[in-house]
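This is what each chain is made of:
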Amino acid sequence: MKKFMVLAVMSFILLFGVVGCGSASPLLIWVGAESVDFYSDKMEEYLTDYTDINGEEFPYAVRVVGVDSSTSAATFLDDTDAGADIFTVPHDNLGKLIAGSSAIAPIQSAALLNQINVDNPQSFLDVIKGTVTGVEYTFGVPYVAQSLILYYNKQFVTAEQAQTWEGIWAAAKTANKYALTITATDGFNNSFLLLASRASDHYTSLKLYEGGIQEECYAQGDDTISVLKWGQRFFTDPHGAKAPSDSGWEVELSDAISLSTIGGAWHYEAAKSALDTNLGIAILPTFTITGPDAYGTIAAGTVFQSGTFADTKMFVMKKNSEKAEYLEDILVFLSDKDVQEESFEQAANLPAYKNASTEFSAFEAGTPEAALAKAQVEMFAWGISQPFGFNSRFNTFFYSKGTPDLILEMLENKDGTFSTNQAIIHQLIIIESLWKTGLRPE
Amino acid sequence: MDKKQDTNEKRNILSRFFSVFSRLGKNIVNGFKNFIQRFKDGSIGTKLSHVFLGAGNLYHKQIAKGLIFLILEVGFFVLMILSPQINDTPLGFKSIGNFFTLGTEAGDIFNPTDNSMLMLLFGVISFGIIGIFLAIYKANLSSARKADLDVKNGKNPTTFKEDIAALFDSRFHIAMLTPAIIGIITFTLLPTIFMILIAFTNYDAQHPAGQVLFDWVGIENFRAIFNGSGEISVRFGPVLAWTLIWAFFATATNYIGGILLALLINRKGIKLKKIWRTIFILTIALPQFISLLAMRNILSEYGPINSMMMNLNLTSEPIKFLATANSAWTARFTIIMINIWIGVPYTMLMTTGILMNVPKDLYEAAQIDGATKRQAFFNITVPYILFVTAPYLITSFVGNITSFNVIFLLTGGDPVVPGYVAGETDLLVTWLYKLTIDQSEYNVGSVIAIMTFIITATATLFSYRRSKSYKEEDAFQ
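These protein sequences, in sequence, are chains A and B. Our numbering numbers the first residue of the first sequence as 1 and each following residue consecutively. Our numbering numbers the first residue of the second sequence as 1 and each following residue consecutively.
For the record, the hints were derived by calculation from the structure and aren't laboratory data. From the three backbone atoms N, C-alpha and C, an ideal C-beta is built for every residue, glycine too. Certain hints may be false.
What the hints assert, rightly or not - Using C-beta positions, here's what the derived DEER-type ranges look like: (1) B:Val-382 with A:Lys-414: 42 to 48 Å; (2) B:Ser-316 with A:Ser-419: 20 to 26 Å; (3) A:Ala-159 with B:Ser-327: 49 to 55 Å; (4) B:Ile-290 with A:Ala-423: 52 to 58 Å; (5) A:Ala-184 with B:Thr-458: 38 to 44 Å; (6) B:Ile-290 with A:Val-135: 50 to 56 Å.
Said to hold, decoys possible - Anything over 10 Å on all C-beta distances counts as not near chain A; from chain B, calculated: (7) Asn-30; (8) Arg-38; (9) Met-80; (10) Pro-112; (11) Arg-145; (12) Ile-164; (13) Leu-190; (14) Ala-205; (15) Lys-320; (16) Ala-323; (17) Gly-353; (18) Ile-368; (19) Thr-372; (20) Phe-397; (21) Thr-458.
With the hints as extra help, turn the sequences into a complete structure.
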């Protein structure tokens, strides 16, 4: 009897083992953690439509999993076999994903390529392509856009004052506060001065990997120097701008230590929680070059508009996925402009669709979320897409070799080291070298 | 006298060093001689077992044992010859070749690239499997030889049942140690070898595994510590110096503070001893990372301490204690102070236990000899505590060299050093984390891990061998 029991249990385990091994793995989709519910519902809708159209069920189960989209590329590359068939990444991660022979598949479906080309602004179309072994392919499907905007405290700053840094600065002086706390010193969230351009004609001499070329970096233009000198005054003034303290920018905003911050949509909930009904949202302010800031061809009185990286999040596909034949059709559906509008309404995702601000009725709702979306769309006119996706090195050289700290060091000018034009230019030469080579100049 | 002792000790170390190699050489020569002799003296079965594992056992009708050896041999050669693929990378003999080339197929957009990282890993595993097979081969020869000797001595070769029974009796140590040794080889030794080997490659952010091939570069990564203007050459010295300073002060302050606190609480006349002890033990009960994060918030620029000091007009503006401190030493000093608060209760608790166990007769004898309380303290209590806690002191020092939590949670390695990854309060281990996890510079990270290991191993061996706990092991028994 005992032997019979043991045999029965063993057979049971074996049977389930065999059945378990035989079942196909589900089609896995990684989306931003905030959008899991939305895209899960959408995929259920897609599966129903698939059955109706094809008269048979979709051959795979589908799982939608939430990930931190800023680290999804790294997570995928850690173990590509366990990675999702479709996953979301910021476009500047493209370089690391297509390094060498690429870990993601190029888009080949004419229908999907056509939809991408028709629906997206040129700035996005430029950054979703990459070259692998000498051939250029399109890899990404834009579906969410993002840019930096201003969150400010309406109790101390009027909407009019929020249009210029000088206005916020004056309000801060009156209230004995700081004008601005940046959310981080990482090169992205504190890039508003580096990316500033002349308000009258959008002019900037700054070059960041122009045309996807490693050597095409330039930061020694008269305008860049003038802007940094203005920034130096802003960051060294007791009522000007500051890096976040150990307490964090949220505390500084809620305790009214600072009157504003610069952030993306991902900072919205924290900003709302900090300021509640006093939360004001606007595009990033302008600022005016004064006599001490003027350098070379940039005269006092020149107005600059703060800049931003205006990016897209995109879906990409795993290379050599066994479900490859189904992925592009799913992406046609998920990146459709109607789905993007629903995504905005239900998950507050800013659409990548180029005519969203004029065509989507949800933009006119008058809610803070709509104001957030409109401000971001407006900032797109003053933004550039991060030009780092062409090569994985660009991202590393720009963000990870210490250049954001070198820029902040210049702005904070703690020991007066950067009080001369020569010192600023010398620091900019180091920064340029790090951008180009990852190394300081010899 | 001391100089003479030192010279003798150095001579001893040198002679031991050479004797190890001399013994190793002798063992190899003897092993080879035994191998030849065993082949000559062995039965046909034993001779065959040099090629067909288990033949010696089968010859002596030890069927189960012989078959196990044979199956293991067949399994080994099947694995090695067929070289099955895992994630498109072969294991087995092919992986030995791949171990040296680290891949040759660069791939393209539609075809995969050889995964150099898996090739390195599988090469190490295959060498491990070969090593284990050689051990099995040796066990097979010994087993065949033993069966020969049993027959020669007029005994029956042991049966499978007897061998199993022996594993739970006279050879119980083997039964118990085998899983542990397998576990150590699999989960400690092989990953360590893999990690060390990465230090000799160019596996970094520019060579992501499975997308770009990486290659062996010799000692290039070690040279980078001493040459060039890169991160590792500029920041290695300052980070190492701060790591050692931190380890010294973190250990010394906790150790001395804990002992003093224990002595204070155990003093006669102190009331409510149990309550005092409980209060300090409560800090241990709280997870360390919560204590650290709480301290970070308390000391932050707009936290309670700064608010209180500003309200009392002690300062006009917030003091930056940690990551944003104006001076590196402010942050470092603050970290060491916070570490005292976190670490002292551990030493206090341990010392309290030791104090309660100091043999009372030592004090009685000292009292009879006319020793004062002070003399008894410095000649009995202190040496006793030092003797018992010396190993703790050493492990604590080594533990502090690789202390990750305190630095990572309090400052994240900041204040920043503009232009470099390693900040002012980064230890070797937190720098290693940033280089590998954030920067994917696995080769440089591996070099730092090896250097950290050399430092900790040297510190441990040197200090432990010089401690009384090691030299006078039986003194207090």
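Comparing the hints with the structure gives:
1. B:Val-382 with A:Lys-414: 42 to 48 Å: Hint holds: Cβ distance 47 Å, inside 42 to 48 Å.
2. B:Ser-316 with A:Ser-419: 20 to 26 Å: 24 Å, holds
3. A:Ala-159 with B:Ser-327: 49 to 55 Å: For Ala-159 of chain A and Ser-327 of chain B the Cβ distance comes to about 41 Å; the hint is violated.
4. B:Ile-290 with A:Ala-423: 52 to 58 Å: 44 Å, violated
5. A:Ala-184 with B:Thr-458: 38 to 44 Å: Given range 38 to 44 Å: holds, Cβ gap about 39 Å.
6. B:Ile-290 with A:Val-135: 50 to 56 Å: At 53 Å between Cβs, range holds.
7. Asn-30: 48 Å, holds
8. Arg-38: Answer for Arg-38 of chain B: holds, closest chain A Cβ roughly 42 Å.
9. Met-80: 24 Å, holds
10. Pro-112: 7 Å, violated
11. Arg-145: 38 Å, holds
12. Ile-164: It holds; Ile-164 of chain B is separated from chain A by about 20 Å at its closest Cβ, greater than 10 Å.
13. Leu-190: 19 Å, holds
14. Ala-205: Ala-205 of chain B not clear of chain A: closest Cβ-Cβ about 6 Å, inside 10 Å.
15. Lys-320: 7 Å, violated
16. Ala-323: Contrary to the label, Ala-323 of chain B does not stay out of reach of chain A, its closest Cβ about 6 Å off (not over 10 Å).
17. Gly-353: Correct as stated: the minimum Cβ-Cβ distance to chain A is 37 Å, above 10 Å.
18. Ile-368: Holds: least Cβ distance 59 Å, greater than 10 Å.
19. Thr-372: It holds; Thr-372 of chain B is separated from chain A by about 50 Å at its closest Cβ, greater than 10 Å.
20. Phe-397: Non-interface label on Phe-397 of chain B holds, nearest chain A Cβ at 29 Å vs cutoff 10 Å.
21. Thr-458: 32 Å, holds
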